[in-house]
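Visitor: Here's the letter readout for the chains.
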Amino acid sequence: METDTAVLVKNISKNFKIHEDRKYTLRQFFTALFNQGKIKNFKALEDISFEVKKGEFFGVVGRNGSGKSTLLKIISGIYAPDKNKESDIRVNGKLVPFLELGVGFNMDLTGRENIYLNGVILGMTKKYINKVFDEIVQFAELEDFIEEPVKNYSSGMLVRLAFSIAIQSDADIYVLDEILAVGDISFQRKCLKIFNEMKKQGKTVMYVSHSMESIEQFCDRAVLIEDHKLAKIGKPDEITAEYRKILSPTDTSAGGAKSENRWGSKEVQVKKVEIGNSNSETYNFKDNDEIHIKVDIESHIEVEQFALGIAFYKSDGTLLFGTNSLNREHKIKLSKGENKTLNFQVEAKYLPSDDYDITIAAYDMSNNTPLDYLHQMYTITVTNNSKDIGEVVLPTKFD
Amino acid sequence: MKRNTFDLIIEFVKTSFKMRYQNSVLGFLWVLIKPYTMFLVMFVIFSHIVRSSVSNYSVYLLTGVIFITFINELLLLGQSALLDRASIILKVNFDRQIAIVSALIGSIINLVINLVLIYIIAFFTHVPITFVGFLMLILVISILFIWGWAIALFTSILTVRFRDLKNIMELLMFILQYTTPIFYSLDDDFLPDKVADLIRLNPLTFLMNQMRASIGVYGSINLFLLLIFFLAGIFTLFLGWQYFSVNVKKTAEYI
Chain H
1 METDTAVLVK NISKNFKIHE DRKYTLRQFF TALFNQGKIK NFKALEDISF EVKKGEFFGV
61 VGRNGSGKST LLKIISGIYA PDKNKESDIR VNGKLVPFLE LGVGFNMDLT GRENIYLNGV
121 ILGMTKKYIN KVFDEIVQFA ELEDFIEEPV KNYSSGMLVR LAFSIAIQSD ADIYVLDEIL
181 AVGDISFQRK CLKIFNEMKK QGKTVMYVSH SMESIEQFCD RAVLIEDHKL AKIGKPDEIT
241 AEYRKILSPT DTSAGGAKSE NRWGSKEVQV KKVEIGNSNS ETYNFKDNDE IHIKVDIESH
301 IEVEQFALGI AFYKSDGTLL FGTNSLNREH KIKLSKGENK TLNFQVEAKY LPSDDYDITI
361 AAYDMSNNTP LDYLHQMYTI TVTNNSKDIG EVVLPTKFD
Chain E
1 MKRNTFDLII EFVKTSFKMR YQNSVLGFLW VLIKPYTMFL VMFVIFSHIV RSSVSNYSVY
61 LLTGVIFITF INELLLLGQS ALLDRASIIL KVNFDRQIAI VSALIGSIIN LVINLVLIYI
121 IAFFTHVPIT FVGFLMLILV ISILFIWGWA IALFTSILTV RFRDLKNIME LLMFILQYTT
181 PIFYSLDDDF LPDKVADLIR LNPLTFLMNQ MRASIGVYGS INLFLLLIFF LAGIFTLFLG
241 WQYFSVNVKK TAEYI
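The listed protein sequences derive, respectively, from chains H and E. What the first sequence shows, in full-length UniProt numbering, is residues 1 to 399, in sequence order. What the second sequence shows, in full-length UniProt numbering, is residues 1 to 255, in sequence order.
Since the hints were derived computationally from the structure, they do not count as laboratory data.
Ranges of calculated distance between the beta carbons of each label pair, as one might list FRET restraints:
#1 H/Arg27 with E/Lys249: 25 to 31 Å
#2 H/Lys229 with E/Tyr178: 58 to 64 Å
#3 E/Val246 with H/Ile301: 56 to 62 Å
#4 E/Arg20 with H/Gln217: 45 to 51 Å
#5 H/Asp134 with E/Ser87: 25 to 31 Å
#6 E/Trp30 with H/Ser49: 51 to 57 Å
#7 E/Trp30 with H/Asp170: 36 to 42 Å
#8 E/Asp193 with H/Phe42: 55 to 61 Å
#9 E/Lys249 with H/Phe321: 42 to 48 Å
Being a predicted model, the structure only gives us computed values, none of them experimental. Where is the CB? At the ideal position from N, CA and C, for every residue including glycine.
Excised from the complex, chain H in its bound form (with noise of 0.2 Å):
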């Protein structure tokens, strides 16, 4: 391996035996042995082959169930790959994963007490914890509640002490599995600081996120895992361009319901979505922008009563908002074999900085059933310069 090698994978696979009911006691495991067809074989990852300089920031992209989770938990040693000759996998560095904030907190313990006890687990000594604790509870900012037991904190301040104990770890490479979805907005832009500080410093991250804006800001460059193999390694934006083509169901329309996050009877299809402001297609939007999305749908039977649905979700997965032409009075009748394009527009100063991801669904209103369900498929990102807060921006005024 080169010296400035920080993770090196190779050939990597992994598959998982998946026993249709799990062989937990031993009476299901010797009724197995005589019955091998019940075990399924689950292709969790297929000959990945990569690798990370020192002092990179690495992007980790795919869907959810791709498989990149298994990849990070192979990276940091907690699953074993499928053994192969070819195959070889080193960490040249100490490697800290945050696959989870918090690992082995204690609801029962105070902050002082899982201090110690999630900073060892992440291998620092006690000596120490000695010497930084002072630090770590000041970041959290949780001076005045430290003595007290962890369950009467809010999910807020677990996170900011977990996150604090965490980039107390004195790694070189660190993996970082999803960790910016947590925590609200003032402790993000903190989170981002100590990211650009570790970058400063050299060391290695490992980072996986849906935010493609984060992907884009932080890393060197990334890599997208597809339907368990490596689909594109490169530059940030050409990996994040390529995640959205995957997400666009333009590409996916024949075979639609290869997605998990996508279903319905089809029989109105949606054709294309196109999203963007007034002037082109884009994903990024700041408040002073109108978001238009463009649906072209096709219908294969008689819809007395049709409607389109637009729903927005937060990047913690809350429902913010949601709506359908018909809410709006806006009735529509689909014949067989109709083309149809429909617009929908949202002024974005009402949306606070955040990714959002957007569910676009068709729907026959007379019997309540989905026919093109596209849940969650498209991600966009609203830069918001107004200073309230809250989960939206209202139109407000003072006299």
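Given the structure of chain H, go ahead and fit chain E onto it with the hints provided.
Guide: Chain E only, in chain H's frame:
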């Protein structure tokens, strides 16, 4: 040993101790209350039924109860050591041996506290306590710990795959409780010869009586056989270590 390994063991032991006794009024006293209640009940009943020829029956019985309580904890905690730490094992790659060792150390601490009390009682009931006996007691505890560790290296992994083993172990513990001379003595003509011979074959019978001998309450020390137990324990530990190292990583998938 790496510094962090040591700190991690301490933290794990401390946490499980705290968890066990936190929010309970008597807290830590429960370590003593449980075996002593068992002892009292058995004493009241069996001292009349068995009418043992053992000279200091109360300390004899107490040592037996504390011995079997310890074995019970050692086997059950060692067996579930990996499953109990599942949430951490799936997220962080620390040395898995630490999970096993820290679970066993917890049970050793309970034993030591109970033994201190036994020594106090033994002193007041005029049991001949000797320094050599004390050293022998440490040897007996070491043997138990080594065997407990060696067995846990197998059972902790096997239990992840076959959850039945937990019930099997509990059943085994139940059987051991009656096939080890806790409240009776093999010197009494209490049992038919064939049954007594079977009980003598139980290795725990030997170790329990050696613990009694080292405290000075019953029988004599058999150093030769103890050393054989010790060496066999080391050998089994070595085998267990190999088995554990090879299989532990694969086990994460089944937790």
